[in-house]
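Student: Read off the chains here:
2 protein chains.
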Amino acid sequence: MIRLYDLAGADPACRFSPYCWRTRLALAHKGLEHETIPWLFTEKEKIAFAGTKRVPVIIDGDHAVHDSREIALYLEATYPDRPPLFGDAGGIAPTRFLNSWADGVMIGAIARLIVSDLPPRLAEQDRAYFRRSREERYGTTLEALTANREKDVLAFRSVTLLPLRLTLLRQKFLGGEAPTYADYIVLGNFQWPRCISDFPLLEKSDPIWSWRERMLDLFGGLARNTPVAEAA
Amino acid sequence: MIRLYDLAGADPACRFSPYCWRTRLALAHKGLEHETIPWLFTEKEKIAFAGTKRVPVIIDGDHAVHDSREIALYLEATYPDRPPLFGDAGGIAPTRFLNSWADGVMIGAIARLIVSDLPPRLAEQDRAYFRRSREERYGTTLEALTANREKDVLAFRSVTLLPLRLTLLRQKFLGGEAPTYADYIVLGNFQWPRCISDFPLLEKSDPIWSWRERMLDLFGGLARNTPVAEAA
Numbered sequence: 563m564i565r566l567y568d569l570a571g572a573d574p575a576c577r578f579s580p581y582c583w584r585t586r587l588a589l590a591h592k593g594l595e596h597e598t599i600p601w602l603f604t605e606k607e608k609i610a611f612a613g614t615k616r617v618p619v620i621i622d623g624d625h626a627v628h629d630s631r632e633i634a635l636y637l638e639a640t641y642p643d644r645p646p647l648f649g650d651a652g653g654i655a656p657t658r659f660l661n662s663w664a665d666g667v668m669i670g671a672i673a674r675l676i677v678s679d680l681p682p683r684l685a686e687q688d689r690a691y692f693r694r695s696r697e698e699r700y701g702t703t704l705e706a707l708t709a710n711r712e713k714d715v716l717a718f719r720s721v722t723l724l725p726l727r728l729t730l731l732r733q734k735f736l737g738g739e740a741p742t743y744a745d746y747i748v749l750g751n752f753q754w755p756r757c758i759s760d761f762p763l764l765e766k767s768d769p770i771w772s773w774r775e776r777m778l779d780l781f782g783g784l785a786r787n788t789p790v791a792e793a794a
Numbered sequence: 563m564i565r566l567y568d569l570a571g572a573d574p575a576c577r578f579s580p581y582c583w584r585t586r587l588a589l590a591h592k593g594l595e596h597e598t599i600p601w602l603f604t605e606k607e608k609i610a611f612a613g614t615k616r617v618p619v620i621i622d623g624d625h626a627v628h629d630s631r632e633i634a635l636y637l638e639a640t641y642p643d644r645p646p647l648f649g650d651a652g653g654i655a656p657t658r659f660l661n662s663w664a665d666g667v668m669i670g671a672i673a674r675l676i677v678s679d680l681p682p683r684l685a686e687q688d689r690a691y692f693r694r695s696r697e698e699r700y701g702t703t704l705e706a707l708t709a710n711r712e713k714d715v716l717a718f719r720s721v722t723l724l725p726l727r728l729t730l731l732r733q734k735f736l737g738g739e740a741p742t743y744a745d746y747i748v749l750g751n752f753q754w755p756r757c758i759s760d761f762p763l764l765e766k767s768d769p770i771w772s773w774r775e776r777m778l779d780l781f782g783g784l785a786r787n788t789p790v791a792e793a794a
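If you read the protein sequences in the order shown, they are chains A and B. For what it's worth, my numbering labels the leading residue of the first sequence as 563, then goes sequentially. For what it's worth, my numbering labels the leading residue of the second sequence as 563, then goes sequentially.
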């Protein structure tokens, strides 16, 4: 059975890491049995064996793999008899661009809308670490980052998400007729705000909303039915 | 022999449409013999037979096809024995996202850096049409759009192009080990400013510059050796 170290909040059942969600959805897509191990930001030593300080980390028999994309490629190569995560081999390289956009553009834009909502929902031992490390990274307080979010969310919807919307106006899933790892990357990003913040990111009239509804239904509602954090 | 209606400038040898470049590169990739027919913005009636007002349009025997992505899909389906444009079938759907980004984000950002350079390089009969239609679209003059380009180009490089850079830091081409249609989409976008403006978009230290150099070398220097427009 594969084990996945999965970022957790104050409620250990609340799992909100966009990168861990990519892995959970990839494991579900492959139909691979797994268990998740709740992990906190400040528990670096628990995953040191894998040579990383960040989750997701999976352990599959003798193999430890970290980094969500590396895990997806590992699962694809190791379980070729299971449903393909990238459509087929031709999907791996072009999915890299979407991955780069999701990590380099989309996540940062979401952070500016919700990051100040995180601390009260984190385990107590993680709160100071999270605030210090993120305020260092962004060069300002979490509250200053999200101060204009009522206005910023309009640009997030119309500008940042435009390439996603243009794609989903023309095909049912990012992977085409059926979801692939491309879809799990972006749904993972949306699970982050969905699980840890009440701030509404999407409008119901947006084709991206409809796509997300389809995605939340997958695997018996895996992503829909996950516990959502209450502020402490 | 396939014929391609290809947007031209005051010098009929100067071809600068990003969308036509995608098609020219796709035809070269497939090794398909073709000739190009120079076409001006104001010659809508010459392509009306294809049910469109925009190039590229190709004629292949009895078939007329328009829209660069539709042409790529047509070539892939019609000439499956030639080198695949999308790696393999699994590449088609995820390339849609890059296509949406290239059309919805990258082209608009380039326009704000170079669009005022176009009129003096267009055929005389196209100049008023181009200015009027673009100023309507953007809601301001071409000169106002590019007024801050010395500053805007810094954000273009560091922010707009980030997902491209992150991808090319990790793989040689957008298509992986070898160029695919994903690469032709983005090179096409870069051919637009390269052929019609002197304004420098990229820095030599940028991995995107190195990738573009590799791309300009393809097909005997097809994209590198194309005539560049002088201002009239």
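By construction, these hints were calculated from the structure, which means they are not laboratory data. Check the hints yourself; a few may be wrong.
Remember, identical chains collapse to one label, so a pair may be satisfied in a single copy or spanning two.
With a cut-off of at most 25 Å between alpha-carbon atoms, the simulated SDA-like pairs for lysine to any residue come out as follows [unchecked claim]:
1) 766 / 574
2) 734 / 607
3) 766 / 621
4) 615 / 731
5) 592 / 700
6) 734 / 629
7) 615 / 732
8) 713 / 667
9) 608 / 724
10) 734 / 612
11) 766 / 731
12) 615 / 636
13) 734 / 638
14) 606 / 691
15) 713 / 700
16) 734 / 628
17) 734 / 626
18) 734 / 695
Student: Would you pick out the hints that fail for this structure and give their numbers low to high?
Tutor: 1, 2, 3, 5, 9, 10, 17, 18
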